[in-house]
Amino acid sequence: MSASAVVTGLGVAAPNGLGTDEYWKATLVGRSGIGPITRFEPSSYPARLAGEIPGFVAQEHIPGRLIPQTDRMTQLALAAADWALRDAGVEPGELPAFDMGVVTASSSGGFEFGQGELRKLWSQGSEYVSAYQSFAWFYAVNSGQISIRNGMKGPSGVVVSDQAGGLDALAQARRQIRKGTPLVVSGGVDASICTWGWVAQLAGGRLSTSDDPARAYVPFDAEARGHVPGEGGAILIVEDGAAARRRGARVYGEIAGYAATFDAGPETGREPGLGKAIELALADAGARPSDIDVVFADAAAVPELDRAEAAAINAVFGPRGVPVTAPKTMTGRLYSGAAALDVATALLAVQDGVIPPTSNVEPAADHDLDLVTGEPRRLPVRSALVLARGHGGFNSALVVRAV
Amino acid sequence: MSGRRVVITGMEVLAPGGVGVKNFWELLSEGRTATRRITFFDPSPFRSRVAAEIDFDPEMHGLRPQEVRRMDRAAQFAVVAARGAVADSGIELDSYDPFRVGVTIGSAVGATTGLDQEYRIVSDGGRLELVDHEYAVPHLYEYLVPSSFTAEVARTVGARGPSTVVSTGCTSGLDSVGHAVELIREGSVDVMIAGATDAPISPITMACFDAIKATTPRHDEPERASRPFDGTRNGFVLGEGAAVFVLEELESAAARGAHVYAEIAGYATRSNAYHMTGLRPDGAEMAEAIRVALDEARMPGDQIDYINAHGSGTKQNDRHETAAFKRSLGDHAYRTPVSSIKSMVGHSLGAIGAIEIAASALAMENNTVPPTANLHTPDPECDLDYVPLEARDQLTDAVLTVGSGFGGFQSAMVLARPDRRVA
Numbered sequence: 000m001s002a003s004a005v006v007t008g009l010g011v012a013a014p015n016g017l018g019t020d021e022y023w024k025a026t027l028v029g030r031s032g033i034g035p036i037t038r039f040e041p042s043s044y045p046a047r048l049a050g051e052i053p054g055f056v057a058q059e060h061i062p063g064r065l066i067p068q069t070d071r072m073t074q075l076a077l078a079a080a081d082w083a084l085r086d087a088g089v090e091p092g093e094l095p096a097f098d099m100g101v102v103t104a105s106s107s108g109g110f111e112f113g114q115g116e117l118r119k120l121w122s123q124g125s126e127y128v129s130a131y132q133s134f135a136w137f138y139a140v141n142s143g144q145i146s147i148r149n150g151m152k153g154p155s156g157v158v159v160s161d162q163a164g165g166l167d168a169l170a171q172a173r174r175q176i177r178k179g180t181p182l183v184v185s186g187g188v189d190a191s192i193c194t195w196g197w198v199a200q201l202a203g204g205r206l207s208t209s210d211d212p213a214r215a216y217v218p219f220d221a222e223a224r225g226h227v228p229g230e231g232g233a234i235l236i237v238e239d240g241a242a243a244r245r246r247g248a249r250v251y252g253e254i255a256g257y258a259a260t261f262d263a264g265p266e267t268g269r270e271p272g273l274g275k276a277i278e279l280a281l282a283d284a285g286a287r288p289s290d291i292d293v294v295f296a297d298a299a300a301v302p303e304l305d306r307a308e309a310a311a312i313n314a315v316f317g318p319r320g321v322p323v324t325a326p327k328t329m330t331g332r333l334y335s336g337a338a339a340l341d342v343a344t345a346l347l348a349v350q351d352g353v354i355p356p357t358s359n360v361e362p363a364a365d366h367d368l369d370l371v372t373g374e375p376r377r378l379p380v381r382s383a384l385v386l387a388r389g390h391g392g393f394n395s396a397l398v399v400r401a402v
Numbered sequence: 000m001s002g003r004r005v006v007i008t009g010m011e012v013l014a015p016g017g018v019g020v021k022n023f024w025e026l027l028s029e030g031r032t033a034t035r036r037i038t039f040f041d042p043s044p045f046r047s048r049v050a051a052e053i054d055f056d057p058e059m060h061g062l063r064p065q066e067v068r069r070m071d072r073a074a075q076f077a078v079v080a081a082r083g084a085v086a087d088s089g090i091e092l093d094s095y096d097p098f099r100v101g102v103t104i105g106s107a108v109g110a111t112t113g114l115d116q117e118y119r120i121v122s123d124g125g126r127l128e129l130v131d132h133e134y135a136v137p138h139l140y141e142y143l144v145p146s147s148f149t150a151e152v153a154r155t156v157g158a159r160g161p162s163t164v165v166s167t168g169c170t171s172g173l174d175s176v177g178h179a180v181e182l183i184r185e186g187s188v189d190v191m192i193a194g195a196t197d198a199p200i201s202p203i204t205m206a207c208f209d210a211i212k213a214t215t216p217r218h219d220e221p222e223r224a225s226r227p228f229d230g231t232r233n234g235f236v237l238g239e240g241a242a243v244f245v246l247e248e249l250e251s252a253a254a255r256g257a258h259v260y261a262e263i264a265g266y267a268t269r270s271n272a273y274h275m276t277g278l279r280p281d282g283a284e285m286a287e288a289i290r291v292a293l294d295e296a297r298m299p300g301d302q303i304d305y306i307n308a309h310g311s312g313t314k315q316n317d318r319h320e321t322a323a324f325k326r327s328l329g330d331h332a333y334r335t336p337v338s339s340i341k342s343m344v345g346h347s348l349g350a351i352g353a354i355e356i357a358a359s360a361l362a363m364e365n366n367t368v369p370p371t372a373n374l375h376t377p378d379p380e381c382d383l384d385y386v387p388l389e390a391r392d393q394l395t396d397a398v399l400t401v402g403s404g405f406g407g408f409q410s411a412m413v414l415a416r417p418d419r420r421v422a
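If you read the protein sequences in the order shown, they are chains A and B. Everything in the first sequence is counted per numbering that gives the first Met the number 0, starting at 0 for the first residue and increasing by one. Everything in the second sequence is counted per numbering that gives the first Met the number 0, starting at 0 for the first residue and increasing by one.
FYI, nobody ran anything at the bench for these hints, they're computed from the structure. There could be a bad hint or two in this list.
Said to hold, decoys possible - Heads up, incomplete: computed chain B residues facing chain A, CB under 8 Å, no partners named:
{"hint": "1", "residue": "43"}
{"hint": "2", "residue": "163"}
{"hint": "3", "residue": "186"}
{"hint": "4", "residue": "211"}
{"hint": "5", "residue": "393"}
Beta carbons are placed, not taken as given, at the ideal position from N, Cα and C, and that holds for glycine.
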């Protein structure tokens, strides 16, 4: 029997709440962090809303010397890692260095930092490019910086699978736990709300062009028209279950099951792989569909993707067979941070016995989903299924369960 | 499933000096170098002006015009390498459950070349802070998020199992293949198409390595610019390329009569938790990765016949890993040939780890250890046998290959003949 991997600490940085408590309170009352972009002047672009994190002052959270050498997404990740470790009651300095690893997801690296240096390169000359560019923007930066800041020498890694990455990172963390590393810092935090990142995201063709923060990102709604990007995510402390019990740690739940699949290209006419990922993740968890109390949806808000997700959920659970929610309607889609935040949210739902709502959505009847909207729904939550999809065909599914 | 053993049954390499395994191995075994003055752009404003470039015509390698348009150069490399590896292995992927075939591609810097070029356009040469989306190519999102590389490979081979990009800087290649091995071992998949790609030779990459003086400023003799372990070395030479493998479980490979290049017997990665670019001279974390990889291979260190070094050609690296070999292998480090193919093909960041796995498997295949080119003046602090200048014929049954990279990542992999005696 493999070791169990349990989550003992959460660190959340979300547009509607900095820190787990603030985020969870906001999410339960349906308070959204989506609004007009303030980071740059958005009026010349077709999409003008984002989920920005207000009030994050990096100097208050991380050492000053790290500020000039890090992108915003790394500053957020370092802060979230600190909060998660504190929440878990872990002092990294007291543990053997090789017993702690770091596995994070990334999607576009420190893109804003990269934009600044590209601008210097092309407008001033190569000699103006920062010495920090070599490591501030690349995809491995958050794992590297978290491991250095906390003295963690165990197996580390970085996965990139667009918005599915957050689940893939947590699955890799569980793999390292099973192979014998007692503690892994995992999850994903992303931010690329800069003009260069915005133009690249616009090219993806899935951004909502609505100017109404309450109607711009409405997955499973008849008026779904794309998503709003956000910044942030979550860092989770994943531990070997037995080790966590021995030190008397508070356990949010275990990572009980996981699977990932890839879609065949649309030209093949084969059905998307999300349903298969759900089946495999349930089997991996040893769970029946009836064991799942809530599904956290990927919620692309692109009509054909919403249809495919609803169909995959209904094929396993039956029409309106399980409560479904998408609290990311209050944060926007956070790229590699999205699924990590959903897992953190699912664990809070397990802890408090409450399903947070999907905000602003009037569910389209033809999806046949029991979408939790309006008030949070109070009921015991033992197991939750979290779904995530990445651009190009990545599907991941992860089951968390109370222990 | 812990008994499942993983073997390489197919490979393709795109490396400077010539596309294809045959060209690659000829370059290495003859000790020739593929470093030259940069031709992709005018390198004269840069401190470092040499690189190991590939003369690559994507359409000649089977990519259609629209595939070329939508893919960054690194994605093109990965797709060509993946198709070549599948062909080389003779595997009929159609006969497998597609959900049990996965893909991992490693890349340190993703579509950095494409992003550099596109930024220049949308910013109108750096003039615009509010970059202009009207000038963006339609595939810019695929450049933004390099998981597009794996998506391209998965679609081209028809894989529908777990697939991702692994991006751990300069150990990405080793870590991508190591990740694939773990997926087969744990039973999640039966076949993995795994490797790594990078095409970083662009102005932004040259500029950022100039800024930290990581790349060599030696441009009077470009073909002699990459000098790992040599006392006169002064930085690495940037390269580009890809290597992709077909990995299978040993018994099913044997059942279909596949040619087996090598078993990937052990793999581990550790972090130095020290500095984003700096290394402590004691090599303790790389030594730990080597120790764990050997342990996983159930192989005593003295069975290693050849060490394929990271050997980037920075003073810091060469001393760091020399210490790591001594620390992990003891006296056997002094008796084991160590070489760096970066002396010939440069340092292609995330790709090189996979290219070095290919070199290690080919060393076993040919019972020949590739040399370290340009090694004329030994560094007194690097006192192992670095196989200077000429390849060496010797029985090679087990190889250790290592990588070290920005972010502090240290990885080690053990390749061995599957019919060896297991301790």
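So, going through the hints one by one against the coordinates:
Look at residue 43 of chain B: its Cβ only gets to about 11 Å from chain A, farther than 8 Å, so that hint breaks. Given the 8 Å rule on beta carbons, the hint for residue 163 of chain B holds: about 4 Å separates it from the nearest Cβ of chain A. Because the closest C-beta pair between residue 186 of chain B and chain A is about 11 Å apart, greater than 8 Å, the hint is violated. Taking 8 Å as the C-beta cut-off, the interface hint given for residue 211 of chain B holds, the closest approach to chain A being about 5 Å.
For residue 393 of chain B, the suggested interface contact is broken, since its CB lies about 32 Å from the closest CB of chain A, more than 8 Å.
Checked against the numbered hints given earlier, this structure breaks hints 1, 3, 5; the rest are met.
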